[in-house]
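Keeping their order, the protein sequence lines are chains Z and H.
Residue numbering for the first sequence follows my numbering, beginning at 1 and increasing consecutively.
Residue numbering for the second sequence follows my numbering, beginning at 1 and increasing consecutively.
Treat the hints as calculated values from the structure; they're not laboratory data.
Careful, some of the hints might be misleading.
The list cannot tell twin chains apart, which means a pair is met if one copy fits it or any two copies do.
To be verified - For lysine-lysine, the following DSS-like pairs were computed, each having C-alpha atoms within a straight-line distance of at most 25 angstroms: (1) Lys176 <-> Lys200; (2) Lys416 <-> Lys378; (3) Lys234 <-> Lys366; (4) Lys435 <-> Lys378; (5) Lys333 <-> Lys416; (6) Lys441 <-> Lys27; (7) Lys333 <-> Lys236; (8) Lys53 <-> Lys441; (9) Lys441 <-> Lys179; (10) Lys176 <-> Lys297; (11) Lys333 <-> Lys234; (12) Lys163 <-> Lys435; (13) Lys53 <-> Lys27; (14) Lys250 <-> Lys269; (15) Lys366 <-> Lys236; (16) Lys138 <-> Lys212; (17) Lys99 <-> Lys378; (18) Lys263 <-> Lys163; (19) Lys441 <-> Lys339.
There are 2 protein chains.
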Amino acid sequence: MNEMKSGVIIKNGTVVTMDKHRRIIDKGIVVVEGSIITEVGSEVCIKKYPDFKVIDAENGIVLPGLINTHSHLPMIAFRGLGENGIKDRLFDLIFPLEKNMLSRELIYNATIHGAIEYAMSGITTFVDMYYHTDEMAKAIKKVGIRAVLGETIIRFPVVDAPKPYGGLDYGIDLIKKYKNDPLVVPALAPHAPYSVSKEKLLETQSLSSEYKTPILIHVSERTDEPMRLPEEYKGKSSIYYLNNIGFLKKNVHLAHAIYLDDKDIEIIKNIKCGVAHNPVANAKSGHGIARAFDMKKAGVRMGIGTDGPMSCNSLNLFETMRGVAMMQRAQYKNATLMKPIEIVEMATIGGAESLQMEDKIGSLEKGKFADIIVIETKSPNMVPCYDYYAALVFQAQPFNVVTTVINGEIVMENRKLQTFNVEDDHEIMKHIEQKIRPFAKELEARSIKYS
Amino acid sequence: MNEMKSGVIIKNGTVVTMDKHRRIIDKGIVVVEGSIITEVGSEVCIKKYPDFKVIDAENGIVLPGLINTHSHLPMIAFRGLGENGIKDRLFDLIFPLEKNMLSRELIYNATIHGAIEYAMSGITTFVDMYYHTDEMAKAIKKVGIRAVLGETIIRFPVVDAPKPYGGLDYGIDLIKKYKNDPLVVPALAPHAPYSVSKEKLLETQSLSSEYKTPILIHVSERTDEPMRLPEEYKGKSSIYYLNNIGFLKKNVHLAHAIYLDDKDIEIIKNIKCGVAHNPVANAKSGHGIARAFDMKKAGVRMGIGTDGPMSCNSLNLFETMRGVAMMQRAQYKNATLMKPIEIVEMATIGGAESLQMEDKIGSLEKGKFADIIVIETKSPNMVPCYDYYAALVFQAQPFNVVTTVINGEIVMENRKLQTFNVEDDHEIMKHIEQKIRPFAKELEARSIKYS
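Could you build all of it, start to finish, from the sequences and the hints given here?
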């Protein structure tokens, strides 16, 4: 892209940098050369770049791209199924759907679709655990979005690994292939402390350390988790267990982390593990409310996530930001908890910190990857706009995102996706929907009949 | 409007009627003549209406307009202020702002702005308590939206009533003027059980019964409410108090209703009072989680509301629908509570029932007012769409609403507002913002200094 131009310059916006000083620059510019931000400053500098492509932010907000720290994106193909009270949604619907419907092709196409929705909603990086992550990698490169992709490792056979724990080999192949990719960060994703053996957890940690990749894991999501740990740790917290066996290191990224005690928070903080806080999914799924306020106060490296599209069907990180405030304030009956600036931090630089990627993404600073979004402030819902952080957290909607730049590439401009034909995507997804619908309806009917 | 045509026909959509049988008509039509729906049926009937204006729903969802059952819309002028932890936001910020900034002109212009945002987000009726409700009435008729407007009655002087309880006279004037208006339903709005005397509550009820208008009141919103009731009822619940003095009748519409016991729910149900459930505002304001599931189960007439734009800055009833599920499921740790169809009911026919207006609005049925929205299902966030109710509750965003018809008038078509120049509104609101900003910043600074 931009072959004819030396680079891209975004002007005429309020640049909310999220840098160390949380600088906000009125009438600021962000200069992009190749995949890198080379200057963030005031509009007077603009004449230095006469032959750059200019994006006019039209008094909007220029923000680092949002980081969605937890998802299972290909499940978007099943979004909206089983929403009417199936008792065991996982066993009666999701597992059979995955077993019978997932294919390389479906995972590729569903990832395209989800990545389009992300890019059009201001999400420039997402963290994902799923299967056939090599297909996902191809898809995200096609759309041009950044992702940490973790191949799922679990004790039973799954769609891309017929042997127990086959994901480990699959993941190592992914790592070898994408180790130096500009957009994909390959990772290993042991599913949860109760679904992966101690030995395999330690093997995963050892391989991740060797290849210097992140580990993604679900932790403390359910109340029954302590009783599902290995015999000698039964009743203990998952964090205690994982730390005690030597699995927890700063490359470990913990999804959910709902049921934590003070000691757990201290361990996470000291080891510098990352946390993905998923307030909307945790609520919708009936799992409860994580201690986000306490974690933030303790200085835990924490981002926010939607979780997968069957857990938080609206892949809307603005709504997730509001969800952070709503759930903490309802829980503690205190309207002053979780200030807007703190929540925008979680959606940007905090997410980057949770991934140990704060030197690369999460703020608009010279030398970082050019992951930038422009949010218009002309639509009725963005007026008035007294306080940029409050407007981002409590007013903004995905459709206010007009331009999305990822790794220096203009992925969306003026609400038009530049990298993929959205009509093609629509047609493919409608076809997938038609194929899945009869089987899913049968599963739902069966589940209702027997429940 | 449509002077040249005999009426309007919406075709080529899935009509989610919300009628008694909850009929869903694939490839359905809705026929509008004047302000009334005259037919809801299958597309084969279309040839009966050769000279009607045709709106093509393009395979989208045709739904009754959403009903926002609680708001203070002119506060949109202050939206985004005081979001950084002012301790007493009401006394240190909101009251001084209202005292110094409110004028007839501001209330008119802010109502225009809010009504535009509503109409563009699929809200066709809203319920409001505020001041200078005659200005609000003028504004909403200009935009062409339907509203129940309650003039606030409170024990101290306010902007439009220099004497205590002056709102009562103001409200009676409003009622006389708008009694037979096609869009405005005038109402009286005693602020709360603790801020209006027993005598004035009963006077309000007697006048409302005489004029056959609704009464809007905040109830059981705060934990300290029982201790603020009149001496002989101190410690009792507000519902007990209001019922005991003979104030509660089916014309009473209760906003919030958070802290209810089983007996309170029974009383509300038996008397057929309406309830406005505001899950997002209740959470954001730290007030807690209302017993929506229990109320729904008991058969209470219940709608959903955003509350005012300082309590729920995003005036987004789709998000409020999701909020219903999130808060109940987080509270009771049960993912099967509040099914999508039940939540869509609350946003449509349930809201109408809460206002005793179920014979006029809330569903797509012959003889009802033509309040209709079309929701496109082509944007990535609406794909797939296995289940219309689940897609509406968990996927839809305001920008998916493409067409809004209110009282037979096409207020928005293809995302273009037809009744008001949105650029004029933008300019006026930016001017208001500039005027309010310095005073508000001074109040915020003072509050932070002294807190």
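Now the hints, each set against the structure:
no.: 1; hint: Lys176 <-> Lys200; verdict: within (20 angstroms within a copy, 77 angstroms between copies)
no.: 2; hint: Lys416 <-> Lys378; verdict: both (18 angstroms within a copy, 14 angstroms between copies)
no.: 3; hint: Lys234 <-> Lys366; verdict: neither (49 angstroms within a copy, 62 angstroms between copies)
no.: 4; hint: Lys435 <-> Lys378; verdict: between (41 angstroms within a copy, 18 angstroms between copies)
no.: 5; hint: Lys333 <-> Lys416; verdict: neither (42 angstroms within a copy, 40 angstroms between copies)
no.: 6; hint: Lys441 <-> Lys27; verdict: between (53 angstroms within a copy, 21 angstroms between copies)
no.: 7; hint: Lys333 <-> Lys236; verdict: between (29 angstroms within a copy, 21 angstroms between copies)
no.: 8; hint: Lys53 <-> Lys441; verdict: neither (50 angstroms within a copy, 37 angstroms between copies)
no.: 9; hint: Lys441 <-> Lys179; verdict: neither (41 angstroms within a copy, 50 angstroms between copies)
no.: 10; hint: Lys176 <-> Lys297; verdict: neither (38 angstroms within a copy, 55 angstroms between copies)
no.: 11; hint: Lys333 <-> Lys234; verdict: between (33 angstroms within a copy, 22 angstroms between copies)
no.: 12; hint: Lys163 <-> Lys435; verdict: neither (28 angstroms within a copy, 68 angstroms between copies)
no.: 13; hint: Lys53 <-> Lys27; verdict: within (17 angstroms within a copy, 46 angstroms between copies)
no.: 14; hint: Lys250 <-> Lys269; verdict: within (9 angstroms within a copy, 55 angstroms between copies)
no.: 15; hint: Lys366 <-> Lys236; verdict: neither (45 angstroms within a copy, 61 angstroms between copies)
no.: 16; hint: Lys138 <-> Lys212; verdict: within (22 angstroms within a copy, 65 angstroms between copies)
no.: 17; hint: Lys99 <-> Lys378; verdict: neither (46 angstroms within a copy, 28 angstroms between copies)
no.: 18; hint: Lys263 <-> Lys163; verdict: neither (37 angstroms within a copy, 58 angstroms between copies)
no.: 19; hint: Lys441 <-> Lys339; verdict: between (43 angstroms within a copy, 17 angstroms between copies)
Of the numbered hints given earlier, the model fails hints 3, 5, 8, 9, 10, 12, 15, 17 and 18; all others are met.
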